[in-house]
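Below are the chains, spelled out letter by letter.
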Amino acid sequence: MSLDATNERPQATRRNVSDLQQSTQGMVKPVPFCGGGFVHSRHRFIAPLLFVVLVILWEIGSQTGFISNIALPAPSEAAGAMSDLFETGMIWKHLSASLYRLVVGWSLGSLIGVFVGLAIALFSLVRAGVSPFISALFPIPKIALLPLFIIWFGIGEGSKVATILFGVFFPTVIATYGGVDNVDRNLIRMGQSFGLSWMSIVRKIIIPGALPAILSGFRISASIAIILLVAAEMIGAEYGIGAYILMAGALFATDQLIAGVAMLSVLGLTVGWLISRAERMLLSWRA
Amino acid sequence: MELILDHVSHSYGDVEVLSDISLSVGSGEIVCIVGPSGCGKSTLLRILGGLEKPDAGAALIAGDPPSDSLNPLTYVFQDFALLPWRTVEGNISLVLEDHSVRKDKARAIIDDVLARTKLSEFANAWPRQLSGGMKQRVAIARALSVNPAVMLMDEPLSALDSQTRELLMDDLIELWGQVGFSACYITHNLAEAVRLGHRIVMLSRRPGQIREIVDIDIPLNERIDFPAETAAIQRRLWEAMRDEARAADRELSDVA
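Respectively, the protein sequence lines represent chains A and B. Each residue of the first sequence is one higher than the one before, counting from 1021 in the numbering used here. Each residue of the second sequence is one higher than the one before, counting from 35 in the numbering used here.
Wrong hints could be hidden among the right ones.
[Stated by the list, open to error] With the Cβ distance kept under 10 Å, some of the chain A side facing chain B (calculated, not the full set): (1) Ile-1225; (2) Pro-1228; (3) Trp-1305.
If you are wondering where the hints come from, they were derived from the structure by calculation, not from laboratory data. None of the values given here were measured: they were computed from a predicted structure. Note that CB positions come from ideal geometry on N, CA and C, so glycine has one too.
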């Protein structure tokens, strides 16, 4: 039947709603809608607003004495400690020391982790030999090994970087080889059938295919790196956000403690934002 | 060049999937292989292209492939197998890069195959933006770019809706008129086989054996004008296959 035929349909077969209502004496109702909810919509300003409201409530609680000053310092006091840091210029010393450890430890750990992960995924001999070790060593808290790291790498920067490096290494390995394992086999078979070299298949098919998993691994490993930073700066660190927090903790200077923790949060947010940027850039094909 | 299967048998573990199959694909010829599901059609194609080794017998190449053929045996996959992180153009250049075809020469080949498959305006589109039919056109363009001696097509239209399938069949026939490619075309759709095949090879249920070979003399581009003849062939094939298909449908399977 052609499309025009529908236009020639006899009028008699059409009924409009008002006719229906008359003939069935008001029994016509709309089908009840039950498809609402469970869908996410974007609310850009909710999180900052909630944050501001919480801080204001906290401040009011502290001012009125509802929250004891010993239990939790007022936000204004923490802000004071923060501005002290800026005035004395100490913030840059702490920040640069921490960033150095973080950047070096995380980059090296990720780099080695990606390589080892690729090796495990690509060579069955490496997988058989190395992956049990990875499973055995991953759950060890790297903080427990800190004394060993100090003996091996010295009390200076070496042991601190090593703690972060090892903490980052294992999740990166697991994310990488999990990602490679999930690359569509058919794409690899396609590469082989077109006579692509082994190196081309790895470079053009396997690594781009594993990239989403590797990047989400980075997100986790970056948080682990920040957690371990504080642990690593527990011993023999003069400067660093972790050292600052620990010193504040030892002196029960809770205002400084809160200021330090806030710095860590900002660091975490910044890293998360950077990885989101990287994802948007490298995975633009996904959209 | 002629691609030959010589008494090929193959098993997965205890399950025999192919038994003593011999056939050949001559140049400029489209050989359609039909059979009930699970009869080893895909295995047969993998053996033909060298992705799998048969337990007995061999896949052979008689004569040399044309000298300008970069990849004599080239697959077209049912699920297209396009890299989602490369554009239409990038997916085609992928298979040229490794044959050290670059710059201007690659450009010329890409433009040519895109024009042939009517994709010129989509050169910079991402696979995710394309419909199924367009994706398969890209995959066909990619296969043509390496100038294959034989195209190995594994149910290339099965993932598409029936309208798109019709359109692509017309395009394939037109393309064959231009390029005269040879192909081994696997399908479970008898209508496709009757439209596109110079020869139709029917396999039996597992273990796959050749049950019947039908040659169709009507030229590809004229088949649409002989509906009665093609329908008769299709009907005859279906009569022969129906019981097998029914039995295959009721079979438990452990083979992927």
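Let me make sure I understand: some of the numbered hints might not hold for this structure. Which ones are they, in numerical order? none
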